[in-house]
Amino acid sequence: MTNPSSGTDGEKTGWAVEISALNKWYGDFHVLRDINLTVARGERIVICGPSGGGKSTMLRCINRLEDWQRGRVVVDGKDLTDDPKQILAVRRDVGMVFQQFNLFPHLTVLENCTLAPIWVRHMPKKDAEELAMRFLRRVRIPEQAQKYPVRLSGGQQQRVAIARALCMSPNIMLFDEPTSALDPEMVKEVLDTMVELAGDGITMLVVTHEMGFARQVADRIIFMAEGQIVEINEPKAFFEHPQHERTRLFLQQILH
Amino acid sequence: MVAADRIYLREAPAKLLPAPVASTGVVGWVRANLFSSPGNIALTIICAALIVWIVPPLLRFFFFDAVWSGADREACLPSAQNPEPGACWAFIRAWSSYFTYGFYPLGERWRVDLFFFLLAFGIAWLAWLGAPRRDIGAIYFFIVLPILSYVLLSGVPIIGLPDVPTSLWGGILVTIVVATVGIVASLPLGILLALGRRSEMPAVRLFSVTFIEFVRGVPLITVLFMASVMLPLFVPDRLAPDKLVRALIGVALFASAYMAEVVRGGLLSIPRGQYEAAQALALPYWRMMALVILPQALRVTLPNIVNTFIGLFKDTTLVFIVGIFDFLRTIEAARGDPHWATPITSVTGYAFAAVFYFVCCYGMSRYSRNVEARLARAHRR
Ligand SMILES: Nc1ncnc2c1ncn2[C@@H]1O[C@H](COP(=O)(O)OP(=O)(O)OP(=O)(O)O)[C@@H](O)[C@H]1O
Ligand SMILES: [Mg+2]
Numbered sequence: 001m002t003n004p005s006s007g008t009d010g011e012k013t014g015w016a017v018e019i020s021a022l023n024k025w026y027g028d029f030h031v032l033r034d035i036n037l038t039v040a041r042g043e044r045i046v047i048c049g050p051s052g053g054g055k056s057t058m059l060r061c062i063n064r065l066e067d068w069q070r071g072r073v074v075v076d077g078k079d080l081t082d083d084p085k086q087i088l089a090v091r092r093d094v095g096m097v098f099q100q101f102n103l104f105p106h107l108t109v110l111e112n113c114t115l116a117p118i119w120v121r122h123m124p125k126k127d128a129e130e131l132a133m134r135f136l137r138r139v140r141i142p143e144q145a146q147k148y149p150v151r152l153s154g155g156q157q158q159r160v161a162i163a164r165a166l167c168m169s170p171n172i173m174l175f176d177e178p179t180s181a182l183d184p185e186m187v188k189e190v191l192d193t194m195v196e197l198a199g200d201g202i203t204m205l206v207v208t209h210e211m212g213f214a215r216q217v218a219d220r221i222i223f224m225a226e227g228q229i230v231e232i233n234e235p236k237a238f239f240e241h242p243q244h245e246r247t248r249l250f251l252q253q254i255l256h
Numbered sequence: 001m002v003a004a005d006r007i008y009l010r011e012a013p014a015k016l017l018p019a020p021v022a023s024t025g026v027v028g029w030v031r032a033n034l035f036s037s038p039g040n041i042a043l044t045i046i047c048a049a050l051i052v053w054i055v056p057p058l059l060r061f062f063f064f065d066a067v068w069s070g071a072d073r074e075a076c077l078p079s080a081q082n083p084e085p086g087a088c089w090a091f092i093r094a095w096s097s098y099f100t101y102g103f104y105p106l107g108e109r110w111r112v113d114l115f116f117f118l119l120a121f122g123i124a125w126l127a128w129l130g131a132p133r134r135d136i137g138a139i140y141f142f143i144v145l146p147i148l149s150y151v152l153l154s155g156v157p158i159i160g161l162p163d164v165p166t167s168l169w170g171g172i173l174v175t176i177v178v179a180t181v182g183i184v185a186s187l188p189l190g191i192l193l194a195l196g197r198r199s200e201m202p203a204v205r206l207f208s209v210t211f212i213e214f215v216r217g218v219p220l221i222t223v224l225f226m227a228s229v230m231l232p233l234f235v236p237d238r239l240a241p242d243k244l245v246r247a248l249i250g251v252a253l254f255a256s257a258y259m260a261e262v263v264r265g266g267l268l269s270i271p272r273g274q275y276e277a278a279q280a281l282a283l284p285y286w287r288m289m290a291l292v293i294l295p296q297a298l299r300v301t302l303p304n305i306v307n308t309f310i311g312l313f314k315d316t317t318l319v320f321i322v323g324i325f326d327f328l329r330t331i332e333a334a335r336g337d338p339h340w341a342t343p344i345t346s347v348t349g350y351a352f353a354a355v356f357y358f359v360c361c362y363g364m365s366r367y368s369r370n371v372e373a374r375l376a377r378a379h380r381r
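If you read the sequences in order, they're chains A and B.
By the working numbering, the letter at position 165 of the first sequence is numbered 165, and the numbering carries on one by one without gaps.
By the working numbering, the letter at position 326 of the second sequence is numbered 326, and the numbering carries on one by one without gaps.
There could be a bad hint or two in this list.
Said to hold, decoys possible - Selected chain A positions facing chain B (in silico; Cβ < 7 Å):
| hint | residue |
| --- | --- |
| 1 | P50 |
| 2 | N63 |
| 3 | W119 |
| 4 | R215 |
Unchecked claim - Under the rule of at most 20 Å between Cα atoms (straight-line distance), these lysine to aspartate or glutamate pairs were calculated in the EDC-like manner:
| hint | chain 1 | residue 1 | chain 2 | residue 2 |
| --- | --- | --- | --- | --- |
| 5 | A | K85 | A | E66 |
| 6 | A | K85 | B | E372 |
| 7 | A | K78 | A | E66 |
| 8 | B | K243 | B | D135 |
| 9 | A | K85 | B | E276 |
| 10 | A | K147 | A | E130 |
| 11 | A | K85 | A | E111 |
| 12 | A | K147 | B | E372 |
| 13 | A | K125 | B | E276 |
| 14 | A | K78 | A | D93 |
| 15 | A | K236 | A | E226 |
| 16 | A | K126 | B | D135 |
| 17 | A | K147 | A | E129 |
| 18 | A | K78 | A | D67 |
| 19 | A | K147 | A | D93 |
Calculated directly from the structure, the hints in this document are not laboratory data.
The structure presented is a predicted model; accordingly, all values stated were derived computationally and were not measured.
In this text, a Cβ means the ideal position worked out from N, Cα and C, and glycines have one as well.
Please build the complete structure, drawing on both the sequences and the hints.
Okay, here's the thing in structure tokens:
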């Protein structure tokens, strides 16, 4: 089921994401410590680790929702500098799904999905709506298109959020604990959607503690703690022979 | 018995029963709302007493004993038929065109009427939420209407509309112009200032904070004085805008400082996640604000915005300080007319002013309540 070989077909135009010597501080607090990571195109990465380990912060550096003091992040060949044009260019190609969904409550589900295609990609409204409906069908909630987000269940909202991100046709998708805010019975519907997405060859970086999902789709799993990448490995090896003491402890805690 | 309760399976559906009689209908409502407890009963009685005490005299003054027509003060003096005359509406009628137009030349007053009509049309277009093409309505209201109004009211001799200097304007015309300009200018300016106050650029932030705090820290009268007395000191005579324009600028700046704080309150209520989601979708700053943040922030704070509008509408009465004949000032002037000198002339004038301001402000208030209710229905469960 896992497909480690796809992690190496980055020959087209380099890497999807290249993070080198990334360091970030919140005041005196060293939140990201010398992060180095390259992600190949089409690769599916799962990031796990204890709370406060810097997982979200690292993920958010990839679309520049956070800035940093030292280091370099290159996304799809575009160097993320302070240049706003460059930042917007990267964000156009990077979709993000948040733990709290962050749908726009004043817009209908359909309008949530068409907003960026219309105002960022300058797509005619009709085309944008067609596109949105296509993705809403893919996440299996086309019948909710005219409703406002508050009327949807958490799982449905998160699927809308996924559809909204997909409407920008991103090359890379970032997921920050997409199922953590959901009631248990809704976790599966969102994970199923993500598994399907993983089958499409889109580059995915997913922060999650759903180890079943990690086993099923991840090409590599990253374990982060105290602002550092402690261990990166392929799922089988990661779960069966964790190299680092810290990883072993963490896996013991969440797998039992 | 305990054992029998432990396991239970309903075999037939429970009956649907109508609500008890006493909790519905008029009797039920009265009982639940007016006489539900001793405290409530006492309040009900006190309120009823207040109504009985206040309302009949008011009705008598405004309607039953009021004088509706007459040529001069004689009509409104106590007489055999009407020993205690109420409001002297005849006086209001005699002066009504002055109250509306001030000294605007008689032959040109159709221009003011047309302006009132165009304004009412624009307001209706924007205020009626179901109206067709409200985007064109907005263009009409914010771009076409100001130009048309200027051309109409001030005059462009080349196209056959003689100049009417603003010193001749007065009454409701001036009040409406000042209030509308203040309201229309203060919202966008206030939004810009509020955004400026939260800007990441220190210079922009400093300017916004200084402006807001300075303007909020002084009374409107001071702002008006500064606008009308100090501005000419800095601007050469030739370029100095006229008195009304100066007052308009003063009012607009004053109102925008208040509006900025109201809008800021709305912005504070928007969770960070909304900004982040918009940014993650690659929306540039102004689009993020216009499409995601401000629609929500303004909605949250709509009652406060309307509250500020209402305050501003009433504050426009202060422009008389710099010698502008707004509505209240025309009443002030007219009530001194010896032809109409009666004990109730002044009272009638002020009552009329009160009714005018109340109708306008209450209209705004009702409208905002309607919009709130509508938005609440649309976006909540
Ligand atoms: N804006 C901020 N200012 C100061 N400290 C912050 C800020 N945001 C995050 N932190 C701190 O940085 C550390 C890393 O946060 P981050 O959200 O990246 O952790 P995480 O691995 O995603 O944890 P979780 O599993 O709880 O989401 C935490 O200790 C957090 O308290
Ligand atoms: Mg996190």
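Hint check results:
no. : hint               : in the structure
1   : P50                : violated, 23 Å
2   : N63                : holds, 6 Å
3   : W119               : holds, 5 Å
4   : R215               : violated, 28 Å
5   : A/K85 with A/E66   : holds, 16 Å
6   : A/K85 with B/E372  : violated, 38 Å
7   : A/K78 with A/E66   : holds, 17 Å
8   : B/K243 with B/D135 : violated, 34 Å
9   : A/K85 with B/E276  : holds, 17 Å
10  : A/K147 with A/E130 : holds, 17 Å
11  : A/K85 with A/E111  : violated, 25 Å
12  : A/K147 with B/E372 : holds, 19 Å
13  : A/K125 with B/E276 : violated, 24 Å
14  : A/K78 with A/D93   : holds, 10 Å
15  : A/K236 with A/E226 : violated, 24 Å
16  : A/K126 with B/D135 : holds, 19 Å
17  : A/K147 with A/E129 : holds, 14 Å
18  : A/K78 with A/D67   : holds, 16 Å
19  : A/K147 with A/D93  : violated, 27 Å
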